[in-house]
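Visitor: Residue numbers (full-length UniProt numbering), protein chains in the order written: chain A, 1 to 368; chain B, 1 to 368.
One or more hints might be untrue.
If several chains are the same, the list does not tell them apart, and a pair holds so long as it fits within one copy or across any two.
Claimed, not checked - List time: in silico BS3-like cross-link candidates among lysine-lysine, alpha-carbon distance up to 30 Å:
{"id": "1", "residue 1": "Lys320", "residue 2": "Lys6"}
{"id": "2", "residue 1": "Lys110", "residue 2": "Lys341"}
{"id": "3", "residue 1": "Lys320", "residue 2": "Lys360"}
{"id": "4", "residue 1": "Lys334", "residue 2": "Lys59"}
{"id": "5", "residue 1": "Lys229", "residue 2": "Lys334"}
In short, the hints are calculated from the structure, not lab data.
Number of protein chains: 2
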Amino acid sequence: MTPISKRIGVLGAGQLGRMLALAGYPLGQKFGFYGISQDEPSALLGHFHLHSDEADNLKALVDFADVITFESENTDLQVVREIAKTTPVYPGERSLEVAQHRGKEKSLFKEKGIPCANFAVVNSLEELQQAVNVIGVPSILKTTTEGYDGKGQFVIKTDDQVEQAWEAIGGRELILEAFVDFHRELSLVAVRNAAGEQRFYPLVQNVHHKGILRYTIAPAQQVSEMVQKQAESYISTLLEELDHVGVLTLELFETEYGLFANEMAPRVHNSGHWTIEGAQTSQFENHVRAICGLPLGSTEARQPIAAMLNIVATTGPIDKVLQMPNAHLHLYDKEERAGRKLGHITLLSDSQEALFADIKSLNAFLPL
Amino acid sequence: MTPISKRIGVLGAGQLGRMLALAGYPLGQKFGFYGISQDEPSALLGHFHLHSDEADNLKALVDFADVITFESENTDLQVVREIAKTTPVYPGERSLEVAQHRGKEKSLFKEKGIPCANFAVVNSLEELQQAVNVIGVPSILKTTTEGYDGKGQFVIKTDDQVEQAWEAIGGRELILEAFVDFHRELSLVAVRNAAGEQRFYPLVQNVHHKGILRYTIAPAQQVSEMVQKQAESYISTLLEELDHVGVLTLELFETEYGLFANEMAPRVHNSGHWTIEGAQTSQFENHVRAICGLPLGSTEARQPIAAMLNIVATTGPIDKVLQMPNAHLHLYDKEERAGRKLGHITLLSDSQEALFADIKSLNAFLPL
Numbered sequence: 001m002t003p004i005s006k007r008i009g010v011l012g013a014g015q016l017g018r019m020l021a022l023a024g025y026p027l028g029q030k031f032g033f034y035g036i037s038q039d040e041p042s043a044l045l046g047h048f049h050l051h052s053d054e055a056d057n058l059k060a061l062v063d064f065a066d067v068i069t070f071e072s073e074n075t076d077l078q079v080v081r082e083i084a085k086t087t088p089v090y091p092g093e094r095s096l097e098v099a100q101h102r103g104k105e106k107s108l109f110k111e112k113g114i115p116c117a118n119f120a121v122v123n124s125l126e127e128l129q130q131a132v133n134v135i136g137v138p139s140i141l142k143t144t145t146e147g148y149d150g151k152g153q154f155v156i157k158t159d160d161q162v163e164q165a166w167e168a169i170g171g172r173e174l175i176l177e178a179f180v181d182f183h184r185e186l187s188l189v190a191v192r193n194a195a196g197e198q199r200f201y202p203l204v205q206n207v208h209h210k211g212i213l214r215y216t217i218a219p220a221q222q223v224s225e226m227v228q229k230q231a232e233s234y235i236s237t238l239l240e241e242l243d244h245v246g247v248l249t250l251e252l253f254e255t256e257y258g259l260f261a262n263e264m265a266p267r268v269h270n271s272g273h274w275t276i277e278g279a280q281t282s283q284f285e286n287h288v289r290a291i292c293g294l295p296l297g298s299t300e301a302r303q304p305i306a307a308m309l310n311i312v313a314t315t316g317p318i319d320k321v322l323q324m325p326n327a328h329l330h331l332y333d334k335e336e337r338a339g340r341k342l343g344h345i346t347l348l349s350d351s352q353e354a355l356f357a358d359i360k361s362l363n364a365f366l367p368l
Numbered sequence: 001m002t003p004i005s006k007r008i009g010v011l012g013a014g015q016l017g018r019m020l021a022l023a024g025y026p027l028g029q030k031f032g033f034y035g036i037s038q039d040e041p042s043a044l045l046g047h048f049h050l051h052s053d054e055a056d057n058l059k060a061l062v063d064f065a066d067v068i069t070f071e072s073e074n075t076d077l078q079v080v081r082e083i084a085k086t087t088p089v090y091p092g093e094r095s096l097e098v099a100q101h102r103g104k105e106k107s108l109f110k111e112k113g114i115p116c117a118n119f120a121v122v123n124s125l126e127e128l129q130q131a132v133n134v135i136g137v138p139s140i141l142k143t144t145t146e147g148y149d150g151k152g153q154f155v156i157k158t159d160d161q162v163e164q165a166w167e168a169i170g171g172r173e174l175i176l177e178a179f180v181d182f183h184r185e186l187s188l189v190a191v192r193n194a195a196g197e198q199r200f201y202p203l204v205q206n207v208h209h210k211g212i213l214r215y216t217i218a219p220a221q222q223v224s225e226m227v228q229k230q231a232e233s234y235i236s237t238l239l240e241e242l243d244h245v246g247v248l249t250l251e252l253f254e255t256e257y258g259l260f261a262n263e264m265a266p267r268v269h270n271s272g273h274w275t276i277e278g279a280q281t282s283q284f285e286n287h288v289r290a291i292c293g294l295p296l297g298s299t300e301a302r303q304p305i306a307a308m309l310n311i312v313a314t315t316g317p318i319d320k321v322l323q324m325p326n327a328h329l330h331l332y333d334k335e336e337r338a339g340r341k342l343g344h345i346t347l348l349s350d351s352q353e354a355l356f357a358d359i360k361s362l363n364a365f366l367p368l
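Please construct the entire structure, taking both the sequences and the accompanying hints into account.
Guide: Set out below in structure tokens:
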């Protein structure tokens, strides 16, 4: 045990916990996980406590931990509140509460002057009809809570689809959001520690397919210094407002009217995976530093341009990846399954041209 | 489990095993360790099997593993031979046998035309006296087996010290080596896989204090292409001769007569730790790739110059390290103790000047 060693308890045991641990051990930290199966990606990387109906296993994790963090914005808020009575949980419950409810999230954006799509929270078909009348079509109907990778969403393209939409995902609280006509999707990963120190990674460009992130270009090309600063000011406002400790990610739309906030994630983010090799300090290490009360590390990129390609559903020709000198493979040790993120590849490059050629050579990993 | 996933059993559970695991998980590998205490650096990073007098725990590791590797050249050769009957062990027993006996090692160098100091294996005071008469003083007396970080060595400076030397470390087989007047100490880390593919990292310069490596400059400055190729040809000969699979390190003296081989280590090496951030593929990842039958990764440096500083005995002002944008901290989670390696720091830089300024600012980590 060194002076900075802490025992970190992670609620969840997926690939994010796995990469947190891989980044945290070199800082002398120890890890414990609270997961649903011994086969999960993090299970071998620390003490493993099986999630069960009995509270004992969760108590064992909390007893072990100096600090608790979580992998997902879908983490049970009540559980976090209960733990926080005895052990610090970072990010805090306010970040979690806001991030797990699209209505509260958008309201916070609005309140803080962060541009975002018009929206309305609806609880019935009638309210939905009324909201569509105001917001118009096309618009996107989503569950206010849960749902990720495009699940629990319905795009209302014409006025006569309202009933169909309600039938598809209604019967619960929903949010209707105006469709934002965007050039591209960007995201900003930021980090803040308890001392209030903040760091921002460069804006990156994300390309989704069927609601799943397929690749990220880092940094996003043709982003002016002003746009970067604008995005930083938005997320900085959120970090302070939420008294956020740890990594926070803001997904943004680039439109002809400037940046629009889409949603935030109170955690390390898929669009930040390129930082493992691509930045001086990875998002995972900076999250660990932040929640352990350490100074934050440099968020500067180590090369002109990088890309992150997700490995989705099937493992694909990874031998090809292993043979590329500038490619880095990350497998999460998960079984193949439709729509599942099994790993990612980082490509480091000196020029956009060379990078795009490399991406092209790995097109087996990209959707048709 | 992906197509390339293997279960790797490591004999030992120290910092080398720890860094192997941190590099191997992203390739989808799983790890098991055979160690002497649950507090060892690798203990939390995989299945842990406690070393005991009972053979069951070792059997459990072997049963778990698809492939076995080891952390130290002091690994019991009989144990490796026994395991090899049922499970592949890389590097093989021949590499281990040669590396753990300084007499066999030097004989191999000589046989293969790799320049090294004159030497003689001695088993008695008389033989030692005779050897000193031939080899002269100053010369270095060492145990033929075991001993690392300068332990088990005696420098014979004058003819009348022969008895004193024998008394200090004799009563067992020893090797007397002529003193080599060298400019500096270099080392070459190389890797070979079962398909015979070989890769070489750049030569690095090592600075020791009291027999313990304190820092490494990578690449070693003012090394001609010819000297690099010369070193590569030496280690390549060894890799082939030993049918070595995995990382092999060759320590060399740079003298006015060219390179002299000092000793080899059949494993990842302290002087290769800079590769974690400093090379496209770290020595740890390449060792894992080699023993798992995967293609080897690029050994190219990612920046003009880097340094690795060992953290020895006490943890030191690591807060300072965390605040340097280009510094990377690696702690092994070990208790402070005189002469013990507790961690290391990697510094990445664009110029020798900037690097040396950074090293100077961290002089608290260097011996006086």
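Visitor: First find the shortest C-alpha distance between Lys334 and Lys59 inside one copy, then the shortest across copies, and answer within, between, both or neither for a cut-off of 30 Å.
Guide: This pair counts as both: shortest intra-copy Cα distance 27 Å, inter-copy 27 Å.
Visitor: Between copies, within a copy, both or neither: which fits Lys320 and Lys6 at Cα up to 30 Å?
Guide: Answer is between; shortest inter-copy Cα gap is 18 Å, intra-copy 39 Å.
Visitor: When no copy is specified for Lys229 and Lys334, does a C-alpha distance of 30 Å or less occur within a copy, between copies, both, or neither?
Guide: neither (38 Å within a copy, 42 Å between copies)
Visitor: One pair to classify: Lys320 and Lys360, alpha carbons no more than 30 Å apart. Within, between, both, or neither?
Guide: within (12 Å within a copy, 42 Å between copies)
Visitor: Is the C-alpha distance from Lys110 to Lys341 at most 30 Å within one copy, between copies, in both cases, or in neither?
Guide: neither (32 Å within a copy, 53 Å between copies)
Hints 2 and 5 from the list above are not met by this structure, while the remaining hints are.
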